[in-house]
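Novice: Chains A and B are the protein sequences, given in the same order.
Just so you know, the numbering used here puts the end of the first sequence at 383, numbered straight through with nothing missing.
Just so you know, the numbering used here puts the end of the second sequence at 383, numbered straight through with nothing missing.
Any given hint might turn out to be false.
A pair counts as met if it fits within one copy or between any two copies, since identical chains are not told apart.
Restricting the straight-line Cα-Cα distance to at most 25 angstroms, the calculated cross-link-like pairs of lysine to any residue (SDA-like) are [said to hold, decoys possible]:
| hint | residue 1 | residue 2 |
| --- | --- | --- |
| 1 | K13 | E132 |
| 2 | K301 | P75 |
| 3 | K226 | M1 |
| 4 | K150 | T187 |
Hint data in this document are derived by calculation from the structure and do not stem from the laboratory.
Protein chains: 2
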Amino acid sequence: MRDVAIIGVSQTKFGELWDISFRDLVTEAGLKAVADADIEGAEIEAMFVGNMTAGLFVQQEHIASLIADHAGLTPMPCTRVEAACASGGLALRSGIMAVASGYHDIVISAGVEKMTDVVDPTPAIATASDQEWEAQQGVTFPSLYAMIAKRHMHQYGTTREQLAMFSVINHKNGALNPLAQFPMEITVDQVLNSSRVADPLRLLDCSPVTDGAAAVILCPAEDARKYTDTPIYVKASAQASGTIALHDRRDITTIDSSVHAARTAYDMAGLEPKDIQAVEVHDCFSINGLLAIEDLGFVEKGQAGPAVEDGITQRDGKIPVNPSGGLKSRGHPLGATGIAQTAEMVWQLRGEAGKRQIDGIEVGMTHNIGGTGGTAAVHIFGR
Amino acid sequence: MRDVAIIGVSQTKFGELWDISFRDLVTEAGLKAVADADIEGAEIEAMFVGNMTAGLFVQQEHIASLIADHAGLTPMPCTRVEAACASGGLALRSGIMAVASGYHDIVISAGVEKMTDVVDPTPAIATASDQEWEAQQGVTFPSLYAMIAKRHMHQYGTTREQLAMFSVINHKNGALNPLAQFPMEITVDQVLNSSRVADPLRLLDCSPVTDGAAAVILCPAEDARKYTDTPIYVKASAQASGTIALHDRRDITTIDSSVHAARTAYDMAGLEPKDIQAVEVHDCFSINGLLAIEDLGFVEKGQAGPAVEDGITQRDGKIPVNPSGGLKSRGHPLGATGIAQTAEMVWQLRGEAGKRQIDGIEVGMTHNIGGTGGTAAVHIFGR
Numbered sequence: 001m002r003d004v005a006i007i008g009v010s011q012t013k014f015g016e017l018w019d020i021s022f023r024d025l026v027t028e029a030g031l032k033a034v035a036d037a038d039i040e041g042a043e044i045e046a047m048f049v050g051n052m053t054a055g056l057f058v059q060q061e062h063i064a065s066l067i068a069d070h071a072g073l074t075p076m077p078c079t080r081v082e083a084a085c086a087s088g089g090l091a092l093r094s095g096i097m098a099v100a101s102g103y104h105d106i107v108i109s110a111g112v113e114k115m116t117d118v119v120d121p122t123p124a125i126a127t128a129s130d131q132e133w134e135a136q137q138g139v140t141f142p143s144l145y146a147m148i149a150k151r152h153m154h155q156y157g158t159t160r161e162q163l164a165m166f167s168v169i170n171h172k173n174g175a176l177n178p179l180a181q182f183p184m185e186i187t188v189d190q191v192l193n194s195s196r197v198a199d200p201l202r203l204l205d206c207s208p209v210t211d212g213a214a215a216v217i218l219c220p221a222e223d224a225r226k227y228t229d230t231p232i233y234v235k236a237s238a239q240a241s242g243t244i245a246l247h248d249r250r251d252i253t254t255i256d257s258s259v260h261a262a263r264t265a266y267d268m269a270g271l272e273p274k275d276i277q278a279v280e281v282h283d284c285f286s287i288n289g290l291l292a293i294e295d296l297g298f299v300e301k302g303q304a305g306p307a308v309e310d311g312i313t314q315r316d317g318k319i320p321v322n323p324s325g326g327l328k329s330r331g332h333p334l335g336a337t338g339i340a341q342t343a344e345m346v347w348q349l350r351g352e353a354g355k356r357q358i359d360g361i362e363v364g365m366t367h368n369i370g371g372t373g374g375t376a377a378v379h380i381f382g383r
Numbered sequence: 001m002r003d004v005a006i007i008g009v010s011q012t013k014f015g016e017l018w019d020i021s022f023r024d025l026v027t028e029a030g031l032k033a034v035a036d037a038d039i040e041g042a043e044i045e046a047m048f049v050g051n052m053t054a055g056l057f058v059q060q061e062h063i064a065s066l067i068a069d070h071a072g073l074t075p076m077p078c079t080r081v082e083a084a085c086a087s088g089g090l091a092l093r094s095g096i097m098a099v100a101s102g103y104h105d106i107v108i109s110a111g112v113e114k115m116t117d118v119v120d121p122t123p124a125i126a127t128a129s130d131q132e133w134e135a136q137q138g139v140t141f142p143s144l145y146a147m148i149a150k151r152h153m154h155q156y157g158t159t160r161e162q163l164a165m166f167s168v169i170n171h172k173n174g175a176l177n178p179l180a181q182f183p184m185e186i187t188v189d190q191v192l193n194s195s196r197v198a199d200p201l202r203l204l205d206c207s208p209v210t211d212g213a214a215a216v217i218l219c220p221a222e223d224a225r226k227y228t229d230t231p232i233y234v235k236a237s238a239q240a241s242g243t244i245a246l247h248d249r250r251d252i253t254t255i256d257s258s259v260h261a262a263r264t265a266y267d268m269a270g271l272e273p274k275d276i277q278a279v280e281v282h283d284c285f286s287i288n289g290l291l292a293i294e295d296l297g298f299v300e301k302g303q304a305g306p307a308v309e310d311g312i313t314q315r316d317g318k319i320p321v322n323p324s325g326g327l328k329s330r331g332h333p334l335g336a337t338g339i340a341q342t343a344e345m346v347w348q349l350r351g352e353a354g355k356r357q358i359d360g361i362e363v364g365m366t367h368n369i370g371g372t373g374g375t376a377a378v379h380i381f382g383r
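Chain A with its partners taken away, still in its complex shape (with noise of 0.2 angstroms):
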């Protein structure tokens, strides 16, 4: 198995793009990692892209080969792969194998989502829940993660206050993220005092609904430095799966698919979560933030409401999580969040990360999930 390095990534501007295309979009973050790697697009040997329904979204399915044609990449080799909200993170592992084949030596791994050119993108998101078991019932995603809520606080004593403060300071970094849709500060009030969405969840802690690309050019570990004086390395790539819905789980309080990719990421990389400088998690709720931090090893089960009031989650904690401002500020582009955090982690360990930069620091990681844990990707990149 070849190592695999990253040589350029990029992020589109996240929001509501509406005077730019689907195919524009995906292209922008294409040219945009592409001119960052400095190499030239027909160095590219093949294309993975993450998106999760542009089928329901903009009704277009067979998107690799449309952005392959817009892209003028034809006859370059590429692929859709979806996952749900763990899209991103799935074409970022399937660029990997393809690279650790050999099949392949330079490869683009790209994300996309054009979410706003609907009047209600709900029953397109809701089609990442069990249709028959979940989605058919009325249930939605905002449902499903206040009943993981309520749960988390019965069992575990979580309040809603530690709730608040996960959107707050993932405001605070992503205030510093030009990038981000929602680059701007909020206060616990605000999140208190937001619109209900669904019990005990409100606005504030909700991620968006978000426009926007990312990409990331990859290569084999042994090739990087002919391209880049800053290679980062794949130090894990690690996938699992976990029931779709949520009646069929032994606990609602654990992402048992986050464990045990983890677990395997962990022991790829021979490192522990103590060994984890930073952290891009997948907060689509607060709730999930929380979830996160536990599931990843970072805090003990159940403690994930304390350790994020205590700061330990702060830039400048024991360990910083979501310095781009996360799902929550950042914005969710359901296909495009997995390269979004491969991003921002390559920019931090590069030392580029401008005003959000953490010092210092030579591992991180990105976990991105699928619905509520039907799918994770965890990942661990180093300098």
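Chain A is already provided as a structure; the job is to place chain B on it using the hints.
Specialist: Frame of chain A; chain B shown alone:
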């Protein structure tokens, strides 16, 4: 790069399967493949599943997680890949890269589509074309392929009867395939007198709307004989992209992605067209079967019509095409087709194809395309 072998295959009955759900259908294919490989489900380390648009057909994305859950395979990593009607071919290729890379040893690549749960599948199928330049203008797939057929007839003198002959030969083979959707013989007259769909294409030039699933089990070539006395080896796995829309092509009578993928496949395998002893081609419409045998190099460009008329594509001809019955007779559950083609070729190479067996073949090819050739996957297999 590790070489890869196939140790198990399966296909469900193809047809209008109203009394089986999406999740049961693909699980049935998986269980049959596991039985065929004579392994335990728990030995499988990863799954890739090709599906074009469960989002539009059954309102379910995130299907790899759904399948892992329903089939009891969690926490195994499961990934959906999509490239319209080439989704199955790409799921196979992703599985091959996963094994070749060393990331996983035993991998299942499946394909599934449940098309008959909607009143009209046409809008969903049209998302494989360019939404802005084709689908939104009212163009559908029969009309796109009708334009190709018209041009091929004009440019090369291909006759209406030669197109019909392709369907007739498919059905002659498919009549011997108990898993085919339409296992009966048809005549040239029947094709010529069937309802007009998009001139010059008639109903019996068109592959049907089909529910179905298929699966393939892969392992490192060096381990294959531990599992079976008849391993089939992957000699080449190639993929290419073309323009998604027809209007941008240099010539609509050639599918460049097929040409590129075939060229790559021949190079990888160190073989030439004359070495291929049977081929499963992507005949979503009769004209596409003709293009395929030209683009794959079995006859000169423009000569497919006379070649089919001369009988070279019959099971006892120079290059037997679609011993399974092809998309026309076996049926075409979009995301399952590339895997079903593989299953057929494995049965042929093992000598297990029953009444439709081609005698003593050693090397076979599969050709799976998405849309009008925005994606093509070509695989070569050998004993």
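Novice: Compare the structure with each hint and give your call.
Specialist: Structure-based check of each hint:
Taking identical chains as interchangeable, the C-alpha atoms of K13 and E132 lie at most 25 angstroms apart only when they sit on different chains, with a minimum of 24 angstroms there against 36 angstroms within one chain. Taking the shortest Cα distances, K301 and P75 sit within 25 angstroms of each other only across copies (20 angstroms), while inside one copy they are farther apart (49 angstroms). Taking the shortest alpha-carbon separations for K226 and M1, both the intra-copy value of 20 angstroms and the inter-copy value of 22 angstroms come in at or below 25 angstroms. Taking the shortest alpha-carbon separations for K150 and T187, only the intra-copy value of 22 angstroms comes in at or below 25 angstroms, while the best inter-copy value is 66 angstroms.
The structure fails none of the hints (numbered hints given earlier).
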